[in-house]
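Using the hints provided, position chain B with the ligands relative to the given structure of chain A.
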Amino acid sequence: MREVVVNRHIVPDTWVRFSPEQSEAGGDRLYRLEEWQAVRAQAGEGRVGLWVETDQDPEALRPYLPEVALIAIHIGSFTDGRGHSLGRLLREVYGYRGEIRAVGDVIQDTVNELERCGFNGFSPRPGETADNLLRGLGLFSEAYQISVERPEPLFRRRLSHRSGG
Amino acid sequence: MYQYDEIDQRLVEERVARFRDQTRRFLAGELSEDDFRPFRLQNGLYIQRHAPMLRVAIPYGVLSASQLRRLAWIARTHDRGVGHFTTRQNIQYNWVKLPEVPDILAALAEVQMHATQTSGNCVRNTTTDHFAGVAADELVDPRVTCELIRQWSTGHPEFAFLPRKFKIAVNGAREDRAATGVHDIGLQAVQDAAQGLGYRVQVGGGLGRTPMVGEVVREFLPACHLLTYLDAILRVYNRYGRRDNKYKARIKILVKAMTVERFRREVETEWQHWKDGPATLVDEEVARIEARLKKPAYRALPAGIPAALAARLHHDTDFATWFRQNLHPHKVPGYTNVVLSLKSPDQPPGDASAAQMDAIADWSERFGFGEIRVSHEQNLILPDVALSDLPALYDALCPWELATPNVGLLTNIIACPGGDYCALANARSLPLAKALQDKFADAAWVRAIGPVDLNISGCMNSCGHHHVGHIGILGVDKHGREYYQISIGGAQAPARLGKVIGPSLAPEEVPDALQAMLEAYLKLRLDPAEKFVDTVARLGITPFRDAVYAPNQEVACA
Ligand code: HEM
Ligand code: SF4
Numbered sequence: 001m002r003e004v005v006v007n008r009h010i011v012p013d014t015w016v017r018f019s020p021e022q023s024e025a026g027g028d029r030l031y032r033l034e035e036w037q038a039v040r041a042q043a044g045e046g047r048v049g050l051w052v053e054t055d056q057d058p059e060a061l062r063p064y065l066p067e068v069a070l071i072a073i074h075i076g077s078f079t080d081g082r083g084h085s086l087g088r089l090l091r092e093v094y095g096y097r098g099e100i101r102a103v104g105d106v107i108q109d110t111v112n113e114l115e116r117c118g119f120n121g122f123s124p125r126p127g128e129t130a131d132n133l134l135r136g137l138g139l140f141s142e143a144y145q146i147s148v149e150r151p152e153p154l155f156r157r158r159l160s161h162r163s164g165g
Numbered sequence: 001m002y003q004y005d006e007i008d009q010r011l012v013e014e015r016v017a018r019f020r021d022q023t024r025r026f027l028a029g030e031l032s033e034d035d036f037r038p039f040r041l042q043n044g045l046y047i048q049r050h051a052p053m054l055r056v057a058i059p060y061g062v063l064s065a066s067q068l069r070r071l072a073w074i075a076r077t078h079d080r081g082v083g084h085f086t087t088r089q090n091i092q093y094n095w096v097k098l099p100e101v102p103d104i105l106a107a108l109a110e111v112q113m114h115a116t117q118t119s120g121n122c123v124r125n126t127t128t129d130h131f132a133g134v135a136a137d138e139l140v141d142p143r144v145t146c147e148l149i150r151q152w153s154t155g156h157p158e159f160a161f162l163p164r165k166f167k168i169a170v171n172g173a174r175e176d177r178a179a180t181g182v183h184d185i186g187l188q189a190v191q192d193a194a195q196g197l198g199y200r201v202q203v204g205g206g207l208g209r210t211p212m213v214g215e216v217v218r219e220f221l222p223a224c225h226l227l228t229y230l231d232a233i234l235r236v237y238n239r240y241g242r243r244d245n246k247y248k249a250r251i252k253i254l255v256k257a258m259t260v261e262r263f264r265r266e267v268e269t270e271w272q273h274w275k276d277g278p279a280t281l282v283d284e285e286v287a288r289i290e291a292r293l294k295k296p297a298y299r300a301l302p303a304g305i306p307a308a309l310a311a312r313l314h315h316d317t318d319f320a321t322w323f324r325q326n327l328h329p330h331k332v333p334g335y336t337n338v339v340l341s342l343k344s345p346d347q348p349p350g351d352a353s354a355a356q357m358d359a360i361a362d363w364s365e366r367f368g369f370g371e372i373r374v375s376h377e378q379n380l381i382l383p384d385v386a387l388s389d390l391p392a393l394y395d396a397l398c399p400w401e402l403a404t405p406n407v408g409l410l411t412n413i414i415a416c417p418g419g420d421y422c423a424l425a426n427a428r429s430l431p432l433a434k435a436l437q438d439k440f441a442d443a444a445w446v447r448a449i450g451p452v453d454l455n456i457s458g459c460m461n462s463c464g465h466h467h468v469g470h471i472g473i474l475g476v477d478k479h480g481r482e483y484y485q486i487s488i489g490g491a492q493a494p495a496r497l498g499k500v501i502g503p504s505l506a507p508e509e510v511p512d513a514l515q516a517m518l519e520a521y522l523k524l525r526l527d528p529a530e531k532f533v534d535t536v537a538r539l540g541i542t543p544f545r546d547a548v549y550a551p552n553q554e555v556a557c558a
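So the protein sequences, as listed, match chains A and B.
Residues in the first sequence are numbered from 1 upward in steps of one, following this note's numbering.
Residues in the second sequence are numbered from 1 upward in steps of one, following this note's numbering.
Calculated directly from the structure, the hints in this document are not laboratory data.
Do not rely on the hints blindly, as some may be mistaken.
Claimed, not checked - Residues from chain B shown here face chain A by an in silico Cβ test under 7 Å; the list is partial:
| # | residue |
| --- | --- |
| 1 | Glu6 |
| 2 | Ile7 |
| 3 | Gln9 |
| 4 | Glu14 |
| 5 | Phe39 |
| 6 | His156 |
| 7 | Pro157 |
| 8 | Ala160 |
| 9 | Phe161 |
| 10 | Leu162 |
| 11 | Arg235 |
| 12 | Arg239 |
| 13 | Asp283 |
| 14 | Ala287 |
Note that CB positions come from ideal geometry on N, CA and C, so glycine has one too.
With the rest of the complex left out, here is chain A (with noise of 0.2 Å):
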């Protein structure tokens, strides 16, 4: 089975695209909006998990994110930067709590970044591997914005920092 870093750990990939002729296995089922807002009523066992592209509005994801566990955000190439966005409105205006995951062409090199704007799962482009994720996570040991990782700014730190001794 393919390998994914979830929470920074490696993990089987259990997740499937949804297809109208195999609707009835169960299992983690991923669907594109207009699929899942099709089948939604007679779904059976199993998670459900949304596959959305960068431009996704996310006040179209509102009503179904209760019931989602996982978010898969399809980044094209990977330098559209458009997912990140949508990572932090998800997490931090929707309160969205399930996993984000980046799917696509995702690299070492891009994921630090993606997990500081809320991603938490992150699937290896082909030709990339699970391991290299791994090694591309957590490269900073500070951080001086706002993001999903540190709600606060650096700068608030540094002040309690002084205040607190």
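Below, chain B with the ligands without anything else, positioned relative to chain A:
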């Protein structure tokens, strides 16, 4: 400049380590050329015509003596002994070797410098008034704002892959010396009687192939909201800016397409989620940064011209000319700011040799407080020089070709590297700059013409700011030959774009064309106080076009 604390230092070192590893993997064939490109760009490394070019940030144009010495050392050790100061308060090295770049970045980190985000589709080095903190007409010191933005933008995780590059400029003085109108975001500091310090926020200015002046998105943004508001602008841009066509990917295109009213609404809506949140600035942070900006210990000097200086001014006309042309008023009595022209007749505009840099570093300590500024006119500045030291400083500068009295004049040519180095160029800039220096070698005539900003870009990308030059020259490619298109009437602030006067000219025609226009100006101006650019504004381009192309001659498009 801002002095790093232990965390700032650690962050640049971690950045160097990351790039070192990426370079190693690239050289080992583990990271492909295509994959490596965005990461090397984000660390300042371009591949140019002959060799890789490294662009190093000089945040808000402020350098310490030891930093300038380090830049000299890099020029000597890793380049051919020269550095090129650019219009964006960066320095570029044109002959670096890729495997050595991680070591160069490590050498920079030792003196609290970096090449972070000096290229690539991310937030670039923030630029400002080169007289920040020392100008007589200053409302607020923009360096604190710039440092806040430097920290906010450095390694911002969300905005590493924007649709296109993103440039922010900040101005804190009455005169806009930061060209805020032609940046993706231009911030003009405003002191409001009731609300205190804030910014007027302009968005969507830029040069390049579609030059535009930015639109005001907010008349007054209270200073404490700076970072959350910037986040909101960038997020709207990151999500909605065009990514299908790199020529339409700048924020200016988005603002135009959306209209500024809708863009403003999108930003304000987005902002509501973050406004007053943890990223809202606190006074303590502003005070912390202020304390870390090294402040000179000025002496109490008498205002007015000291006797020895007056005597020298009286009997040495060269010195007097330099004194009139290359100084800028200081806010502290008895001090002045001295512009060191990097535009001597034989020097490519903006170039400084390693030896010159070392000498300038020494003078900054001897005559100032160990600080040097970089201007977007590609000159260096010694701020904080006591008036009484001017004769000694002048005598020191002369043998180094650093006292050419042409600041603000025609021969203070601003030029991009052009076809000699840049792979995107249509035409070379440097030989043309040299030809113009030779043509206008009569310094008295150049002074009689008065203030002229002359800007040269080797192609539409406009790195030489030709759109906002009083005279702008653009390199174009005509059937494989270098030609130059001339525009006039542009201005940096308030930003105004120049108008093209006619068909482009062959390189050897350009110097005569400029001379013809300037002679026409001498006849047409109301009085010597009317600058060339003001005459153009009053009369339009026609008399100048006629001067170049001869009035009745049908203008045949070559
Ligand atoms: C030699 C390598 C260089 C390359 C490949 C390069 C590339 C570019 C490109 C492609 C643009 C157009 C961006 C756009 O319109 O979206 C641009 C704009 C610009 N560059 Fe350069 N450049 C180089 C050197 C320089 C230098 C030396 C300077 C300063 C002297 C500079 C300053 C600027 C400025 C001020 C702009 C226009 C402002 C704007 O972005 O709207 N560049 N450059
Ligand atoms: S204006 Fe054109 S030729 Fe000049 S540096 Fe920029 S890209 Fe190169």
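Each hint, compared with the structure:
1. Residue-level restraint check for B:Glu6 is violated (minimum Cβ-Cβ distance to chain A is 10 Å; threshold 7 Å).
2. Satisfaction of the interface hint for B:Ile7 is found here, the shortest Cβ-Cβ separation to chain A being roughly 5 Å, below the 7 Å cut-off.
3. The interface hint given for B:Gln9 is violated, since its Cβ lies 11 Å from the closest Cβ of chain A, which is over the 7 Å cut-off.
4. This hint holds: B:Glu14 has a C-beta 5 Å from the nearest C-beta of chain A, less than the 7 Å allowed.
5. Annotation: interface hint on B:Phe39 holds; nearest CB of chain A at approximately 6 Å, less than 7 Å.
6. Interface restraint check: B:His156 against chain A, minimum CB-CB distance 5 Å, threshold 7 Å, status holds.
7. For the restraint placing B:Pro157 at the interface with chain A, the shortest Cβ-Cβ distance is roughly 4 Å, inside the 7 Å limit, so the hint holds.
8. Below 7 Å, beta-carbon pairs count as interface contacts, and B:Ala160 has one with chain A at about 5 Å; its hint therefore holds.
9. For B:Phe161, the interface hint holds, the least distance from its beta-carbon to any beta-carbon of chain A being 3 Å, beneath 7 Å.
10. Taking 7 Å as the C-beta contact cut-off toward chain A, the hint placing B:Leu162 at the interface holds, the least distance being around 6 Å.
11. Checking B:Arg235 against chain A by beta carbon gives a least distance of about 5 Å; that is within 7 Å, so the hint holds.
12. Interface hint at B:Arg239: satisfied, since its Cβ lies 5 Å from the closest Cβ of chain A, which is below the 7 Å cut-off.
13. Look at B:Asp283: its Cβ only gets to about 10 Å from chain A, farther than 7 Å, so that hint breaks.
14. Taken as an interface hint, B:Ala287 does not check out: its beta carbon lies about 10 Å from the nearest beta carbon of chain A, beyond 7 Å.
In this structure, the hints that do not hold are numbers 1, 3, 13 and 14, in rising order.
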